[in-house]
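**Student:** The residues making up each chain are set out below.
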Amino acid sequence: QKEVEQNSGPLSVPEGAIASLNCTYSDRGSQSFFWYRQYSGKSPELIMSIYSNGDKEDGRFTAQLNKASQYVSLLIRDSQPSDSATYLCAGPGETSGSRLTFGEGTQLTVNP
Amino acid sequence: KAGVTQTPRYLIKTRGQQVTLSCSPISGHRSVSWYQQTPGQGLQFLFEYFSETQRNKGNFPGRFSGRQFSNSRSEMNVSTLELGDSALYLCASSFGSSYNEQFFGPGTRLTVL
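Sequence order for the protein chains is A and B.
Residue numbering for the first sequence follows our numbering, beginning at 7 and increasing consecutively.
Residue numbering for the second sequence follows our numbering, beginning at -7 and increasing consecutively.
Fair warning: there could be bad hints in the mix.
Each computed BS3-like pair below joins lysine-lysine, with the alpha-carbon atoms no more than 27 Å apart [to be verified]:
hint: 1; chain 1: B; residue 1: LYS5; chain 2: B; residue 2: LYS49
hint: 2; chain 1: A; residue 1: LYS62; chain 2: A; residue 2: LYS73
hint: 3; chain 1: A; residue 1: LYS62; chain 2: A; residue 2: LYS48
hint: 4; chain 1: A; residue 1: LYS73; chain 2: B; residue 2: LYS5
hint: 5; chain 1: A; residue 1: LYS62; chain 2: B; residue 2: LYS5
Here are the computed distance ranges between Cβ atoms for each label pair [to be verified]:
hint: 6; chain 1: A; residue 1: SER55; chain 2: B; residue 2: SER43; range: 21 to 27 Å
hint: 7; chain 1: A; residue 1: PRO16; chain 2: B; residue 2: ARG7; range: 29 to 35 Å
hint: 8; chain 1: B; residue 1: PRO0; chain 2: A; residue 2: GLN76; range: 39 to 45 Å
hint: 9; chain 1: B; residue 1: GLY88; chain 2: A; residue 2: ASN59; range: 38 to 44 Å
By construction, these hints were calculated from the structure, which means they are not laboratory data.
We put the beta carbon where it would ideally sit given N, CA and C, even for glycine.
With these hints in hand, go ahead and build the complete structure from the sequences.
**Tutor:** Below is the structure:
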């Protein structure tokens, strides 16, 4: 059973639109979640961390954590072509023995 | 502050050989985690070291091993390479517990022929 699952992609949005990326998790005790951005051929880059229920905003990015429904999301406002990348959701892993378990990733394309 | 560094960046090996990859964490970070990334399996956790001790291990065969030195630098070793070991190997450092934010290095691209 996967511990962190992301909605299937790829996702394509026009420039200036809001991109919505979602992730669900299985461990109700999970306290911290992270969103990473990975450009093709590069390593993952941490863009957002969220530790408590509710929203956390940083510039054009908003992370949302809903512990009751066990999902975490990332909203990208005013999407730019430079936001085109794969976005990875990560949370504490348990059954796999890992400390961070990553979702499969959602490939986002922002069309000019 | 300098980021996480990994060496070498690219490696080509043949089946049966062994390989050692190196990772230097961000200054002050004591935890180093290793991940394997492949197109089919995504990012898979290998192991985590904290203060020279392996604190956690993923579901990989014993051919994959690692260690951490007193300066927090870490190495991972893969023995008897198989074609399926071709992947991007990523090292991530964090301040303490792996529940802290993890910062990734550029990775080592390993190709096994």
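**Student:** Identify every previously stated hint that the structure contradicts and give their numbers, smallest first.
**Tutor:** 4, 5 and 9
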